[in-house]
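Peer 1: Sequence:
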Amino acid sequence: MSRQRRTFSTEFKREAATLVLDQGYTVVEACQSLGVVESALRRWIKQLQDERNGITPQSKALTPEQQKIQELEAKINRLEREKAILKKATALLMADELERTR
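Numbering (our numbering), first residue to last: 310 to 411.
Honestly, the hints are just simulated from the structure, not real lab data.
The beta carbon of each residue, even a glycine, is placed where N, CA and C say it ideally should be.
Worth double-checking, as some hints may not be accurate.
[What the hints assert, rightly or not] As a list, the in silico EDC-like pairs of lysine to aspartate or glutamate whose alpha-carbon atoms are at most 16 Å apart:
| no. | residue 1 | residue 2 |
| --- | --- | --- |
| 1 | 355 | 331 |
| 2 | 369 | 324 |
| 3 | 355 | 324 |
| 4 | 369 | 359 |
| 5 | 369 | 320 |
| 6 | 369 | 382 |
| 7 | 377 | 320 |
| 8 | 369 | 380 |
[To be verified] Cβ pair distances, simulated, as ranges:
| no. | residue 1 | residue 2 | range |
| --- | --- | --- | --- |
| 9 | 395 | 343 | 48 to 54 Å |
| 10 | 336 | 381 | 29 to 35 Å |
| 11 | 392 | 330 | 36 to 42 Å |
Required output: the full structure, derived from the provided sequences and hints.
Peer 2: So, in structure tokens, the structure goes:
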């Protein structure tokens, strides 16, 4: 029988990590009061520390600033792909126009 995997919101993860980093709880105390496993809480703590130090995470960001950075990076990537497509389309149209004028 498989056990269903629990998912937590980014707000919950941030608040859980804040208990340890800012409010003086031990990892064990926070785990017991929140009902989460220690490995998950340690991962959230490390991610929050990294984000506070300006390191953009690979997974979904916990802090609003890092979330905004991830959104902007995604937008930049999308715009760069669109630009590349437009460049190729323009080149094809120009080549077609050159063929017609010959």
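Peer 1: With reference to the structure, classify each hint as holding or not holding.
Peer 2: Taking the hints in turn, this is what the structure says about them:
Note on residue 355 and residue 331: the hinted pairing holds, with a Cα-Cα distance of about 13 Å set against a maximum of 16 Å. Restraint check for residue 369 and residue 324: the C-alpha separation of about 15 Å stays at or below 16 Å, so the hint holds. At most 16 Å may separate the alpha-carbon atoms for a hinted pair to count; residue 355 and residue 324 meet this at roughly 13 Å. Distance hint between residue 369 and residue 359 is fulfilled; the C-alpha atoms sit about 13 Å from each other, no more than 16 Å.
Of the supplied pair hints, the one linking residue 369 and residue 320 holds, its CA atoms being roughly 11 Å apart against a limit of 16 Å. Restraint check: the Cα-Cα separation between residue 369 and residue 382 comes to about 13 Å, which is no more than 16 Å; the hinted pair holds. Of the pairs offered as hints, the one joining residue 377 and residue 320 holds, with about 15 Å between alpha carbons and a cut-off of 16 Å not exceeded. With a C-alpha separation of about 10 Å, the suggested pair residue 369 and residue 380 falls inside the 16 Å cut-off, and the hint holds.
A hinted range of 48 to 54 Å for the beta carbons of residue 395 and residue 343 is consistent with their spacing of about 49 Å. Between residue 336 and residue 381 the Cβ separation comes to about 33 Å, which falls inside the hinted range of 29 to 35 Å. Evaluation of the 36 to 42 Å hint for residue 392 and residue 330 yields a pass: the beta carbon distance comes to about 41 Å.
Comparing the model with each numbered hint stated earlier shows that all of them hold.
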